[in-house]
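FYI, the working numbering numbers position 141 of the sequence shown as 143, with every residue one higher than the one before it.
Rather than coming from a laboratory, the hints here were simulated on the basis of the structure.
Calculated cross-link-like contacts (lysine to aspartate or glutamate; reagent style EDC-like; alpha-carbon spacing at most 16 Å):
1) Lys175 x Glu160
2) Lys16 x Glu29
3) Lys63 x Glu24
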Amino acid sequence: MLLKSEILVLNWNKKALELKNEGKVRESLILFLKAEEILRTFPSVKLQYLTYNNLACHFEKEKSYNRAISYLAMCTKLKDIDPSCKILNIGVYLNLSAIKSKLNLHEAALNHALKAHALLETIQNSCLKTICYYSVALEYEYLTKIPFALHYYKKAFEISLTFFGPSHEITEKIRFSLRFCKEKPSTTVDSLCILREKTSYSLKRSKRFKTSRNCHKEDNYEKTDTKILNKLINWRAKTRSESPKLNTSKNLRQKFSQLSQENNRSAAITGKLEEKLNFISKELASLNGKLSSIGCRFEGENEEKSLPMKFNNKMNAAVKIQKAFREYLKRQQKKLEKTVKFVESKERDLKVIPFFLMNFDVTRASKRSFTYANNFAIRKVEKKVQTSREGPRNKKKTTKGLLESIIFIQKYIRGFLQRQKYKKLQKAQKH
Numbered sequence: 003m004l005l006k007s008e009i010l011v012l013n014w015n016k017k018a019l020e021l022k023n024e025g026k027v028r029e030s031l032i033l034f035l036k037a038e039e040i041l042r043t044f045p046s047v048k049l050q051y052l053t054y055n056n057l058a059c060h061f062e063k064e065k066s067y068n069r070a071i072s073y074l075a076m077c078t079k080l081k082d083i084d085p086s087c088k089i090l091n092i093g094v095y096l097n098l099s100a101i102k103s104k105l106n107l108h109e110a111a112l113n114h115a116l117k118a119h120a121l122l123e124t125i126q127n128s129c130l131k132t133i134c135y136y137s138v139a140l141e142y143e144y145l146t147k148i149p150f151a152l153h154y155y156k157k158a159f160e161i162s163l164t165f166f167g168p169s170h171e172i173t174e175k176i177r178f179s180l181r182f183c184k185e186k187p188s189t190t191v192d193s194l195c196i197l198r199e200k201t202s203y204s205l206k207r208s209k210r211f212k213t214s215r216n217c218h219k220e221d222n223y224e225k226t227d228t229k230i231l232n233k234l235i236n237w238r239a240k241t242r243s244e245s246p247k248l249n250t251s252k253n254l255r256q257k258f259s260q261l262s263q264e265n266n267r268s269a270a271i272t273g274k275l276e277e278k279l280n281f282i283s284k285e286l287a288s289l290n291g292k293l294s295s296i297g298c299r300f301e302g303e304n305e306e307k308s309l310p311m312k313f314n315n316k317m318n319a320a321v322k323i324q325k326a327f328r329e330y331l332k333r334q335q336k337k338l339e340k341t342v343k344f345v346e347s348k349e350r351d352l353k354v355i356p357f358f359l360m361n362f363d364v365t366r367a368s369k370r371s372f373t374y375a376n377n378f379a380i381r382k383v384e385k386k387v388q389t390s391r392e393g394p395r396n397k398k399k400t401t402k403g404l405l406e407s408i409i410f411i412q413k414y415i416r417g418f419l420q421r422q423k424y425k426k427l428q429k430a431q432k433h
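With the sequences and hints as input, model every part of the structure.
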């Protein structure tokens, strides 16, 4: 039975390959690196082979050959831990030979291909045999050992006819390469071999001394043509420039760790927000209950007899409170416009929904202070209503006006508290 972590690694490898086929290269690389981090916690040799091989293929397609070779070297070290994984070792050696041949290191590529051939003697797998024979023949062809190349091309062609069929792409490719190899004579020298011999060490002198006795001291050397050699050197420099050396995978791992930390923070923030929203909903329900009780008092028959005597003073007080809040809101809007321009200029990976930001928690101390002020104003209004002497017709109008003004003030108080919390959260995001 597979463990949960092993199932996760397999699923991430499958999803990464699917995303790679769709063209989403960066997302597939992130999933491969996730699998690599999980494999550090527990040793699973087969899954390590799988992930490292997939990463090597990914970097090989992006022409970052040094990284690909480093991951394949890690796979070869796993051979000592679990020697039973022979098929996986064969795939690793074939991939190494393909990458080394692209870097014009044909002797090293041939050695890796022959190692895969030695492992295939004990295993009967015709698909791997065709690929192995073809790679060995190709490397012999690069090294101008054409009889060996023809021998392995013929073997690969015979197996591909029986396994794939005569009309398959692989058989046609092997057939074409076999014909091309037959046309070459065995004594021809390939340009790649000349490069390997001439440019692996320092250049030889272009001046060759004569050994004849009759020549003078001034004419004791003869110039040779170095045009061909210079052309080959320039060609090799171009091939090296086409395969640039990129940085190691440390930068990508650091970015992945940063993203994981930010995701964990966002999850923690959402959990806290849910708790605080529940707390706010409870307090709002309690305030609504108080408002309903106040409305019932104003609508009662016993209180209708005592209408507001000092109603004008109460209305003036409510108007002053409203003006103060409006002026405060205007000031806050101006500050927000400045902050929004600063925040919009910055690009951030983590984006929180503004709904949760607006309904963020309110500290109990500030909440109590506002509720205490509201209750104090309501009690004053009740006393003034009891001491009033106007008629019953003006009672209903005054009570309705008072209730509307109280509700209006409470709405603005809630909005003010929410905006204050939104500002605090914006400052935290900036830091």
